[in-house]
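Go by the hints and put chain B onto chain P.
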Amino acid sequence: MIRISPSPFDPGGELSVFEKAAGDAGAVVSFLGRVRGEETKAAVTALYLEHYPGVTERMLGELETEARGRWAIAEPLIIHRVGELNPGEPIVFVCVSARHRRDAFEAADFLMDYLKTKALFWKKEITSDGERWIEPRAEDYSDAARWNERDKDN
Amino acid sequence: MARILFFGRLADLAGGRTRELQIGDSVRNLRELVDLIAKGDARLGAALREKSVQTIINERVSTGEAISDSDEIAFLPPVSGG
Chain P
1 MIRISPSPFD PGGELSVFEK AAGDAGAVVS FLGRVRGEET KAAVTALYLE HYPGVTERML
61 GELETEARGR WAIAEPLIIH RVGELNPGEP IVFVCVSARH RRDAFEAADF LMDYLKTKAL
121 FWKKEITSDG ERWIEPRAED YSDAARWNER DKDN
Chain B
1001 MARILFFGRL ADLAGGRTRE LQIGDSVRNL RELVDLIAKG DARLGAALRE KSVQTIINER
1061 VSTGEAISDS DEIAFLPPVS GG
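Residue numbers (the working numbering), protein chains in the order written: chain P, 1 to 154; chain B, 1001 to 1082.
Hints listed in this document are in silico derivations from the structure and should not be mistaken for laboratory results. Don't take every hint at face value.
[To be verified] With a Cα cut of at most 30 Å, we get these calculated BS3-like pairs of lysine-lysine:
hint, chain 1, residue 1, chain 2, residue 2
1, B, K1051, P, K124
2, P, K41, P, K118
3, B, K1039, B, K1051
4, P, K124, B, K1039
5, P, K118, B, K1051
6, P, K124, P, K41
On a predicted model such as this, the values are computed, not experimentally measured, just so you know.
If we strip away everything but chain P, and leave its shape as in the complex, we get (with noise of 0.2 Å):
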């Protein structure tokens, strides 16, 4: 399930109505991204996300689907806010249930993988230094990459 959502969420209320959802799978895995706080020392005030309607939604379904193809596991749950945000608030929940697991885990990586470099989110960063758009570093990259050269070890 796929929600882009313009308000806070509560992290730890979606975590248990995912796990009730989740029946006997053996493991629920769940990811939280939260604002940070600074940011190259310069202190974040706020954290300001937009998306492109109707397409980062099938796109995302379309990962979940991909996800699904590689691992055992049931469907997973992405959250992911745009709009306005302050340090420590919840920008993205992933949550996966399989009955074992390794796959709970590495679908979960794999999704905040294409999340930080391919999902179609732009951030911008309000510091007290300014404003500035982000972009992936070269670790989400590289991090993203793994997946890829996994399918040709396969």
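Leaving out everything else, chain B in the frame of chain P:
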């Protein structure tokens, strides 16, 4: 009228997220569209020509470059979600 969408820093440069543009017969592909935009705003034109900028035509990742007056064309700078 073609509908042009800008995201992220491109929207800041364009001074807005959407722009309706009469592209007529003189604009048949993406390159000519960018040339037309660059005529009115050289800085925006240069930003749209950067290699890292992706385009989506009518909500589909563009494989061809042909466009027409009824299309929605989105210019996407590098993404930064999560």
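For each hint, the structure was consulted:
Only pairs whose Cα atoms come within 30 Å are accepted, and K1051(B) paired with K124(P) is accepted, the gap being roughly 21 Å. As the CA atoms of K41(P) and K118(P) are separated by approximately 27 Å, the hinted pair is consistent with the 30 Å bound. With a C-alpha separation of about 19 Å, the suggested pair K1039(B) and K1051(B) falls inside the 30 Å cut-off, and the hint holds. For the given pair, K124(P) sits about 28 Å from K1039(B) by alpha-carbon distance, which is consistent with the 30 Å threshold.
Between the alpha carbons of K118(P) and K1051(B) the distance comes to roughly 16 Å, so the proposed pair stays at or under 30 Å and holds. Under the criterion of a C-alpha separation no larger than 30 Å, the hint pairing K124(P) with K41(P) is consistent with the structure, at around 16 Å.
In this structure, none of the earlier numbered hints is contradicted; all agree with it.
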